[in-house]
Amino acid sequence: MPRKADYSDDELRLVATLYYVDGLGQAEITNLVRVSQTKISRMLAVALERGIVRISVDQYNARNPKLEHELCARFGLTEVAVVKTAPNANPETARQTVGHFGAPFVSEQLPNSGTLAMGGGRSVSELVHRFRRNDARRLTIVQAMGSIDSNVSSVDSLELGRSLVKLWGGEFLTLSTPAFVEDKKTRDFFLASEQIRSVSERLKKADAAIVGVGPLDLSVYVERNVLDENDFIQLRKIGAVGEICGRFFDKNGRECASYWRDRVISIDLDDLRKIPQVIGISSGAVRAPAIAGALKGGMLKTLLTDESAAEALLAM
Numbered sequence: 001m002p003r004k005a006d007y008s009d010d011e012l013r014l015v016a017t018l019y020y021v022d023g024l025g026q027a028e029i030t031n032l033v034r035v036s037q038t039k040i041s042r043m044l045a046v047a048l049e050r051g052i053v054r055i056s057v058d059q060y061n062a063r064n065p066k067l068e069h070e071l072c073a074r075f076g077l078t079e080v081a082v083v084k085t086a087p088n089a090n091p092e093t094a095r096q097t098v099g100h101f102g103a104p105f106v107s108e109q110l111p112n113s114g115t116l117a118m119g120g121g122r123s124v125s126e127l128v129h130r131f132r133r134n135d136a137r138r139l140t141i142v143q144a145m146g147s148i149d150s151n152v153s154s155v156d157s158l159e160l161g162r163s164l165v166k167l168w169g170g171e172f173l174t175l176s177t178p179a180f181v182e183d184k185k186t187r188d189f190f191l192a193s194e195q196i197r198s199v200s201e202r203l204k205k206a207d208a209a210i211v212g213v214g215p216l217d218l219s220v221y222v223e224r225n226v227l228d229e230n231d232f233i234q235l236r237k238i239g240a241v242g243e244i245c246g247r248f249f250d251k252n253g254r255e256c257a258s259y260w261r262d263r264v265i266s267i268d269l270d271d272l273r274k275i276p277q278v279i280g281i282s283s284g285a286v287r288a289p290a291i292a293g294a295l296k297g298g299m300l301k302t303l304l305t306d307e308s309a310a311e312a313l314l315a316m
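Under this note's numbering, think of the first position of the sequence shown as 1, with each following residue one higher.
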């Protein structure tokens with residue numbers, strides 16, 4: 001196999017001109033210059049590495065500034081990012097797109113030091129796994145809710161917090177509990193332990209938080225068999241429209257007095273409201289009622305969402 005150094009700049013210019021300027025296919029170029037198609041592919045790659053070929057792409061604006069301005073005006077937010085998604089995007093694709101293009105925006109909103117309360121969920125996971133290394137950032141990450149079930153996955157706040165510490169360094173404080181326990185007595189037992197009390201106090205003093213805003217429909221709790229449809233029927237009856245960190249709230253952002261409220265181990269919504277910077281991530285029109293409730297309840301300071309959710313919010 002020829003080494004990269006074996007290709008002269010002139011050979012590379014010839015192949016690159018035929019391919020990029022004249023629009024010939026690699027098979028056609030093979031016939032003209034009498035080398036294999038594999039070698040043509042390799043030469044085009046080397047031409048790019050050496051700077052003989054320089055690719056220029058008009059900057060793509062992944063966000064919708066008009067919708068961002070309207071959301072800020074409507075809900076009194078200072079920072080909103082509305083990411084464009086494909087019209088036919090399914091929920092998973094939309095989450096991936098929002099996470100990819102929203103990661104730089106969210107990173108800019110976070111402090112370089114202090115305490116970050118880390119929520120969980122599929123949208124937050126897509127975001128966290130697209131953050132880039134930042135050597136200037138040293139945060140204390142605090143798990144804001146227990147694990148959804150015994151099979152800890154990449155969407156749990158426990159794993160997301162670990163991922164951020166690996167990426168940015170700093171300290172990670174864990175609850176190391178389930179998100180939902182059997183009953184109020186069990187929850188109170190956990191909350192009385194020194195470790196949980198200590199972590200809860202740090203959560204109250206957090207400088208920033210990243211949380212997902214979940215709907216009652218398409219909930220991760222159904223997907224993970226923590227709650228079933230009957231549970232959600234009961235939650236709807238008492239006015240629940242969404243949840244943050246396992247806490248269900250109504251259209252005005254008030255936590256619902258449900259059976260689940262006495263079983264959850266996570267940051268209290270009143271404590272969340274007091275955090276200076278709370279970034280909520282949620283996408284899809286189906287999540288608009290949940291996002292609206294969270295905004296009306298003063299739980300979010302910053303919002304990352306997509307066009308379909310933004311349009312549905314403004315239409316409410």
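Watch out, some of these pointers could steer you wrong.
No farther apart than 30 Å at their CA atoms in a straight line, the calculated lysine-lysine pairs in the DSS-like style are these [said to hold, decoys possible]:
(1) K66 / K184
(2) K185 / K204
(3) K66 / K205
(4) K84 / K296
(5) K274 / K205
(6) K184 / K204
(7) K204 / K274
(8) K84 / K301
(9) K205 / K237
(10) K204 / K296
(11) K251 / K166
(12) K296 / K184
(13) K296 / K251
(14) K251 / K84
(15) K66 / K84
(16) K237 / K274
(17) K84 / K39
(18) K205 / K184
(19) K84 / K205
(20) K166 / K296
(21) K185 / K251
(22) K301 / K185
(23) K204 / K166
(24) K166 / K237
(25) K237 / K251
(26) K185 / K166
(27) K39 / K66
(28) K184 / K251
(29) K66 / K185
(30) K237 / K185
Hints in this document: simulated from the structure, not taken from any laboratory.
Going through the numbered hints above, which ones does this structure break? Give me the numbers in ascending order. 1, 3, 9, 11, 17, 19, 20, 22, 24, 26, 27, 29
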